[in-house]
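Sequences listed follow chains A and B, in order.
Every position in the first sequence, counted from 1, becomes a number in the working numbering once 3 is added.
Every position in the second sequence, counted from 1, becomes a number in the working numbering once 3 is added.
Check each hint, because a few of them may be wrong.
One copy or any two copies: either way a pair holds, since identical chains are not told apart in the list.
To be verified - The calculated lysine-lysine pairs, modelled on BS3-like cross-linking and capped at a C-alpha distance of 27 Å, are:
1. Lys116 to Lys139
2. Lys100 to Lys116
3. Lys100 to Lys139
4. Lys13 to Lys103
5. Lys116 to Lys13
No lab work stands behind these hints: they were computed from the structure.
Quick caveat: nothing in here was measured; it's all calculated off a predicted structure.
Number of protein chains: 2
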Amino acid sequence: MSASITPNTKDEFMQASIDEARLGRSEGGIPIGSVLVRNGQIVARGHNKRVQEDNAIKHGEMDALMNAGRQRTYRDTVLYTTLMPCFMCAGTIVQFKIPKVVVGESRTFGESKQFLESHGVEVVILDLDECVEMMKEFIDAEPELWNEDIMEL
Amino acid sequence: MSASITPNTKDEFMQASIDEARLGRSEGGIPIGSVLVRNGQIVARGHNKRVQEDNAIKHGEMDALMNAGRQRTYRDTVLYTTLMPCFMCAGTIVQFKIPKVVVGESRTFGESKQFLESHGVEVVILDLDECVEMMKEFIDAEPELWNEDIMEL
């Protein structure tokens with residue numbers, strides 16, 4: 004499933020994550036999306052819902068994992084996300100024993116790569132301009148909301 | 004608020020966390036409870052709802068934080084929990100910049116203390132027999148459910 008992942012290209016799962024992020028933005032929310040994949044199929048998808056649901060823990064990754072319900076194991080899954088996970092989401096990936104994360108970009112945010120890798124998680128950063136631009140447009144438009152989401156107020 | 008916290012004693016906030024845990028068990032769930040405290044007042048309370056809501060991310064701490072809604076800051080809060088946080092909850096504490104965690108016990112579970120402390124979080128472990136016994140009774144009765152919750156299946 005992963006052999007074809009290379010930087011600066013996106014597959015259908017990153018596209019689905021970007022679609023989720025753009026859906027979130029269209030709802031007035033923070034444009035970060037995520038999908039959980041198993042055997043080349045999307046198990047669940049999600050996006051940041053801090054604004055939409057008044058919910059501080061609903062980052063894109065957490066929303067996707069919540070929408071996945073109770074999975075017996077995550078060892079055979081890959082989590083896609085448009086932005087480098089924060090420590091909440093990174094801790095969740097480690098706890099859930101998700102072996103691999105594919106990230107849209109880590110230029111605008113993200114300090115969890117070393118933590119993830121130190122716990123054996125493979126981190127693939129696609130470094131997509133599309134994801135960077137989506138975040139930059141949002142951060143420029145709503146800096147206070149972004150700082151709230153990353154707890155920098 | 005914290006000066007009086009000593010091992011083997013519980014205050015009203017740990018009692019509230021234990022009450023949440025017991026409520027969860029009475030619902031058929033996993034007995035772990037948590038409360039978020041600011042200025043000597045409970046901001047929000049929660050308990051593990053994996054079973055009740057078919058929700059893998061609803062650990063006790065996450066439920067309390069979700070019930071707290073959007074807080075402008077958590078730097079003036081203390082999180083109480085009956086059991087040592089897993090990496091999901093520990094990552095959330097770090098990300099949310101919660102400066103202090105009071106833990107009922109860490110004998111039956113918990114490997115996140117070093118991670119929390121390395122990120123500047125004060126960890127107080129009360130080591131309460133009551134919390135240990137609550138977990139032991141549950142793990143003995145429902146080992147598979149417990150292993151699902153800590154992703155050890």
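Hint by hint, here is what the structure shows:
no.: 1; hint: Lys116 to Lys139; result: within (21 Å within a copy, 35 Å between copies)
no.: 2; hint: Lys100 to Lys116; result: both (15 Å within a copy, 19 Å between copies)
no.: 3; hint: Lys100 to Lys139; result: between (31 Å within a copy, 24 Å between copies)
no.: 4; hint: Lys13 to Lys103; result: within (16 Å within a copy, 40 Å between copies)
no.: 5; hint: Lys116 to Lys13; result: within (20 Å within a copy, 37 Å between copies)
The structure agrees with every numbered hint stated previously.
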